[in-house]
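Colleague: I would like the entire structure built from these sequences, with the hints used as guidance.
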Amino acid sequence: MTAATLKTERHLVIVLGATGDLMKRKLLPVLYNLTEGGASFHLLAMARSKELNDDSYRAQAVEAMVQFGKLDAGKAAQWAKTSLSYGALGAGTAADFRALRTRIEQIEREKNLPGNRIFYLSLPPETFPKTISGLGEAGLHRSATGWSRLVIEKPFGTDLSTAQSLNDLVHRHFDEAQVYRIDHYLGKETVQNLVAFRFGNAIFESLWNRDRIESVEVTVAESLGVEKRAGYYDQAGALRDMMQNHLTQLITIAALEVPARFDARAIRHEKEKVLRSIVPYSPGDVVFGQYTAGESEGKKVPGYLEEDGVRKDSRTETFVAMNLRINNWRWQGVPFLVRTGKRMPRRESKIVVNFRRAPVAMFDFNDESVMSNRLSIRLQPEEGFALDFGAKVPGDGFVLKQQRFQFNYKDAYGELPDSYQTLLYDVMQGDQTLFVHADEVESSWRLYAPLLEEPPELQPYAAGTWGPQAAQDMFAKSSAR
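If you're matching positions, the sequence shown starts at 0 in numbering that gives the first Met the number 0 and goes up one per residue.
Hint data in this document are derived by calculation from the structure and do not stem from the laboratory. Please note that a few of the clues may not be correct.
[Said to hold, decoys possible] When the alpha-carbon atoms are kept at most 30 Å apart in a straight line, the in silico BS3-like pairs for lysine-lysine are as follows:
1. Lys23 - Lys129
2. Lys6 - Lys110
3. Lys129 - Lys69
4. Lys409 - Lys153
5. Lys25 - Lys227
6. Lys400 - Lys349
7. Lys129 - Lys25
8. Lys25 - Lys6
9. Lys49 - Lys74
10. Lys25 - Lys153
11. Lys110 - Lys227
12. Lys409 - Lys6
13. Lys74 - Lys129
14. Lys110 - Lys74
[To be verified] Here are the in silico distance ranges between beta carbons for each label pair:
15. Trp146 - Thr4: 18 to 28 Å
16. Thr81 - Lys400: 58 to 68 Å
17. Pro459 - Phe198: 37 to 47 Å
18. Phe261 - His170: 25 to 35 Å
19. Lys80 - Ala411: 32 to 42 Å
20. Trp146 - Phe406: 31 to 41 Å
Here the structure is a predicted model, which is why all the values come from computation and not from measurement. Positions of the beta carbon are idealized from the N, C-alpha and C atoms, including for glycine.
Modeller: This is the structure:
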């Protein structure tokens, strides 16, 4: 998405929760970039504060865009002056939402907008029900002259029952075609390109099955601890915060069947089929961990229980590893080894496909542990692909050593757009391909319900390591390496 290449219908973007961290760090810089690229919209930033006005909020917005988006202050100020307005929602009463409707209609008249609206809930999850009801009861779920779309941040519920209740509430006011449940991992170019990589290259799709693949590993590792999120994280844990959404979405994309066509309905259908094909797991297939004091990036760091804001008797997991099995024709017998955790040795997100070894070792390998080919899809950082293969070492005899083909996105295309930029543009276009359907949300919560009801015993791991030894043993036993 380069300058002056984006095409959208003219519309109004209404961000509720516009003084929050997400707005400052991500949404404001991304919305500026979209305007620079040619997208046509006006932004109405809504928050509770009645002390702010257009000018004071614009000043805060410019400061955030300069700090987090590295934007030019003068250009940011000019954009804010022409493209940004502020509104106070107050306590969010029925009268407040009626006033919001009046303000929206006023801006649409002033800016000559056709009535197209995007409502972005950049809010704490506990406020979703009240906000969605307020929008619906004020008649903002429909537009007489255009379209209305609702963007909801994760987490979507905290378990199956709350997710079902929230879906029911959303569908009371909005059609599913209006709803965009956002998972920023799906906006990453490398995640999207995994679909293109598979289905656009026959050489790999022909190998993408149980006959050629030994195991699939999905890792989303964070080197940081809970930082300033202890209040939320100690109630959520790694299963709710990462496994149920980010990693589950990566699994479905890696495992889905060839869709009938490349559109939102077909791809969502295939992802849902994957979720429904995952078989029940046994206790030996799951490891929960909690980090203790250790060393991270060369510095000594406290354990989870010593972090500010964490309950001293907390049983919250900061690490989850699972061995999942998909019971269908393509994947029967292939373990999907997934793990996520905080205070890992480094920050990385990747999918590794371990191919089966040759049935007969015709040549000598300098290291028996690298005899199999493996494909690594790096989602972050250093986004790209790498394929490991054996090559003959020069000299007498046939001794093979592992070498690597590599593709790096930055080298080929420069800096990639932020995932939120990709996803927000898709919302503006009305493209739901990279968003999560209601059925996917419920199937995912249903998959992990047993672990929420009876979580396994926590196992400690030192900060700066790859999790409990039991998880490493499980990976080593099931993986080709």
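Colleague: Give a verdict on every hint.
Modeller: Structure-based check of each hint:
1. Our distance criterion of 30 Å between C-alpha atoms is met by lysine 23 and lysine 129, whose separation comes to about 23 Å.
2. Proposed proximity of lysine 6 and lysine 110 is supported: the alpha carbons are some 18 Å apart, at most 30 Å.
3. Of the supplied pair hints, the one linking lysine 129 and lysine 69 is violated, its CA atoms being roughly 35 Å apart against a limit of 30 Å.
4. Under the criterion of a C-alpha separation no larger than 30 Å, the hint pairing lysine 409 with lysine 153 is consistent with the structure, at around 28 Å.
5. For the suggested pair lysine 25 and lysine 227, the alpha carbons sit about 17 Å apart, so the restraint of at most 30 Å is met.
6. A C-alpha spacing of about 23 Å is found between lysine 400 and lysine 349, which places the hinted pair at or below 30 Å, so the restraint holds.
7. The straight-line distance between the Cα atoms of lysine 129 and lysine 25 is roughly 24 Å, inside the 30 Å bound, and the hint therefore holds.
8. Annotation: proposed proximity of lysine 25 to lysine 6 holds, straight-line Cα distance about 21 Å (limit 30 Å).
9. For the hint linking lysine 49 to lysine 74, the alpha-carbon distance of about 27 Å falls within 30 Å, and the restraint holds.
10. At roughly 15 Å between alpha-carbon atoms, lysine 25 and lysine 153 fall within 30 Å of each other, so this suggested pair holds.
11. Between the alpha carbons of lysine 110 and lysine 227 the distance comes to roughly 39 Å, so the proposed pair goes past 30 Å and is violated.
12. The suggested pairing of lysine 409 with lysine 6 holds, with an alpha-carbon distance near 25 Å, which does not exceed 30 Å.
13. Restraint check for lysine 74 and lysine 129: not satisfied, since their Cα atoms lie roughly 36 Å apart, outside the 30 Å limit.
14. For the hint linking lysine 110 to lysine 74, the alpha-carbon distance of about 21 Å falls within 30 Å, and the restraint holds.
15. Here the CB-CB span from tryptophan 146 to threonine 4 is close to 23 Å, well matched to the stated 18 to 28 Å.
16. Checking the proposed 58 to 68 Å range against threonine 81 and lysine 400 shows it holds: the Cβ atoms sit about 60 Å from each other.
17. Checking the proposed 37 to 47 Å range against proline 459 and phenylalanine 198 shows it holds: the Cβ atoms sit about 43 Å from each other.
18. Phenylalanine 261 and histidine 170 have their C-beta atoms about 26 Å apart, which keeps the hinted 25 to 35 Å range intact.
19. Here the CB-CB span from lysine 80 to alanine 411 is close to 37 Å, well matched to the stated 32 to 42 Å.
20. Between tryptophan 146 and phenylalanine 406 the Cβ separation comes to about 38 Å, which falls inside the hinted range of 31 to 41 Å.
Hints 3, 11 and 13 from the earlier list are contradicted by this structure; the remaining hints agree with it.
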